[in-house]
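Q: Chains as they are written, first to last, in this note's numbering: chain A, 875 to 1148; chain B, 35 to 436.
Since the hints were derived computationally from the structure, they do not count as laboratory data. Every value quoted in this text rests on a predicted model; they were computed, and no experiment measured them. Fair warning: there could be bad hints in the mix.
A few chain B residues that face chain A, going by a derived Cβ cut-off under 8 Å, partial list only [to be verified]:
1) F57
2) P59
3) P64
4) I335
Don't be surprised by glycine CBs; every beta carbon is placed ideally from N, CA and C.
In case you want the letters, here they are:
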Amino acid sequence: MSRIEACFEKLGQQKQGALIVFTVAGHPTPQLSSELLIAIADAGADVIELGLPFSDPLADGPVIQAASQRALAEDMTPGRVLALAAEFRAERDVPLVLMTCYNPICQFGLERFGTDSAAAGVDGVIVTDLPPEEAEDWVKVARRSETDTIFLLSPNSPAPRVKKVVDLASGFVYCVSRMGVTGARAELPADLAELVTRIRRETTKPIAVGFGVSRPEHVTDVCRVADGAVVGSAVVSLIDRQAGSAGLADTVGAFVRELKAATRGGRVTKADPL
Amino acid sequence: MPPRSEHSSALEGSHFGRFGGIFVPETIMPPLLEVAEAYHSARSDPEFGQQLNALLRDYVGRPTPLYFCRHLTEHCGGAKIYLKREDLCHTGSHKLNNAVGQALLAQRMGRSRLMAETGAGQHGVATATVAALFGMECDIYMGEEDVRRQALNVYRMRLLDARVIEVTSGSRTLKDAINEAFRVWMATADTTYYLFGTAAGPHPYPTMVRDFQSVVGREARQQMLEQEGRLPECLVACVGGGSNAIGLFHQFLEDDVRMVGVEAAGRGLHTGEHAASLSAGSEGVLHGARTKILQTEEGQIRTTHSVAAGLDYPGVGPEHALLQSAGRAEYVGATDDEALDAFEALTRFEGIMPALESAHAVAHAMKMAAGLGRDAVVLVNLSGRGDKDIGEVQRVLAERGR
Chain A
875 MSRIEACFEK
885 LGQQKQGALI
895 VFTVAGHPTP
905 QLSSELLIAI
915 ADAGADVIEL
925 GLPFSDPLAD
935 GPVIQAASQR
945 ALAEDMTPGR
955 VLALAAEFRA
965 ERDVPLVLMT
975 CYNPICQFGL
985 ERFGTDSAAA
995 GVDGVIVTDL
1005 PPEEAEDWVK
1015 VARRSETDTI
1025 FLLSPNSPAP
1035 RVKKVVDLAS
1045 GFVYCVSRMG
1055 VTGARAELPA
1065 DLAELVTRIR
1075 RETTKPIAVG
1085 FGVSRPEHVT
1095 DVCRVADGAV
1105 VGSAVVSLID
1115 RQAGSAGLAD
1125 TVGAFVRELK
1135 AATRGGRVTK
1145 ADPL
Chain B
35 MPPRSEHSSA
45 LEGSHFGRFG
55 GIFVPETIMP
65 PLLEVAEAYH
75 SARSDPEFGQ
85 QLNALLRDYV
95 GRPTPLYFCR
105 HLTEHCGGAK
115 IYLKREDLCH
125 TGSHKLNNAV
135 GQALLAQRMG
145 RSRLMAETGA
155 GQHGVATATV
165 AALFGMECDI
175 YMGEEDVRRQ
185 ALNVYRMRLL
195 DARVIEVTSG
205 SRTLKDAINE
215 AFRVWMATAD
225 TTYYLFGTAA
235 GPHPYPTMVR
245 DFQSVVGREA
255 RQQMLEQEGR
265 LPECLVACVG
275 GGSNAIGLFH
285 QFLEDDVRMV
295 GVEAAGRGLH
305 TGEHAASLSA
315 GSEGVLHGAR
325 TKILQTEEGQ
335 IRTTHSVAAG
345 LDYPGVGPEH
355 ALLQSAGRAE
365 YVGATDDEAL
375 DAFEALTRFE
385 GIMPALESAH
395 AVAHAMKMAA
405 GLGRDAVVLV
415 NLSGRGDKDI
425 GEVQRVLAER
435 GR
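Same shape as in the complex, but just chain A (with noise of 0.2 Å):
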């Protein structure tokens, strides 16, 4: 069982949703980045997603899209990226997943990134740009090396697509709440309920929604009906807001914990209607 099921199932049994926490490798500094990934480890997040930037991510908002040319411009290469997962394999057991897009993977070598980022202790993998029509060759490399290949799925994927995408996936399968880029958002979508489960009748594999799930509410939305939340922009928009602040792991760690004591109000397991 991987690192990432493992936490799932860990999870499930105590009947809590998982916090998911994305942040850019290298943002704002490539230091600061460092101590964040612990902080926000320490303040309860239960997998860590790093986003390895790319000059043109096509699903990304602005928010996301200024942090990683910030990362780029600090000279954020995949190199240092795994370098800096692999200083923090050394210090914490969280379970964290490179989100990134197609051309930096495949530039590095497909080979080369299963084998370096499974020595880094990368535990999976999102390609945002990669689905499944496409990603035979990636897969193949990642089952190798044992690294989860998590794939997206959203509100307008057709019930074949779903199956499609749930067969290939492994870790779990994450579904975009809604239609368009991430982004912070007020208000989760009304039919997510729906959606989730239009997913659930495919798989037994964890789901997690992300993309406009911004606030310790929504995680708790959230979890009522999936299996984990991504928070990803929210925390973004604050390390900006922080980037020039001492207490800057502070504030994010606080903010971390939150969201983090959102995921065990009101958990309904898989077997419960919903």
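Put chain B on the given structure of chain A with help from the hints.
A: Quick look at chain B alone, frame taken from chain A:
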């Protein structure tokens, strides 16, 4: 919203050898497959073909002439230079061929809004034009830098009642306009048809745009046989994304005809300030396709430069990457200066003012013609007219003290 069913024939023709494909976030997979499926059914529907042909004839103004450049030929002192006059299409470039085809498809799919990216503004103008014709709303995404240097086209689009959205991310040119358009489409695909302007991007655009542009090569081949009684030695076309080039080349693939694509060499290939993805790039994945791109060692996309906004793009259509790797077509560069010289030459010798994009093709054709015998024939796709560039040409020439 009710998810649509999965499409069976939608992935047909999605790859060109190892190039092409459909590398996009899941949210745009279903809409792309829906477009692919709709196109697959439309292309075999005789009624769609009739509607398209009627529009190409009566609205676009086809067939466009094949014109022999007597004076330019004499000046170069070699092969006969012919121009396929896409600059005479309604709206001033080949872009309208594709725009009418996709607008018909959008109508068939029941969409009431169009959106598009544009670099030089020619595709934006073509899309705004068909939106007016079909009574659809229209949003055009354009980089801030291009809005500045193609001001005339921006005003044309606004007169046509399109909304022009300035994109301020990244290099503020075509690449960023495409990023932003896809991001917006992720949230709006239910009502909005994304009318992609070149034979690049994810499936089905490289195939569909090539098909709609192939009318250029079909006519040119026929006209050349009628006027010269033979096929040309060589075809020359400029390549940004590559739609006018593939539209011309595709009909000659089986013939013994050389094909040369001319990319923007900007300030010179050795300076790094250019947009020559095929001549100086490497294999990678950008905007939904595996193709040749300009990138760093780490796979970040490089900024590009060209005096021609329509060529100022770090990627290229995947079919060109295949034609290059198969050795069927060759790709070379023309610099900003060479393009400006060709702009002036064609204007003075023939009274035809080319778009700066097309001037790259003219520049290379002039060089080639000089090295070929007088019985040889070079066919250049004059993909657009230069009115839009007059302000920019004036500015750049003034900078150079001319």
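Q: Each hint needs a verdict: does it hold in this structure or not?
A: Here's how the hints hold up against the structure:
1. For F57 (chain B), the suggested interface contact is upheld, since its CB lies about 5 Å from the closest CB of chain A, less than 8 Å.
2. Restraint check, P59 (chain B) versus chain A: the minimum CB separation of about 4 Å is within 8 Å; hint holds.
3. Taken as an interface hint, P64 (chain B) checks out: its beta carbon lies about 5 Å from the nearest beta carbon of chain A, inside 8 Å.
4. At about 5 Å, the closest approach between the beta carbon of I335 (chain B) and any beta carbon in chain A falls short of 8 Å, and the interface hint on this residue holds.
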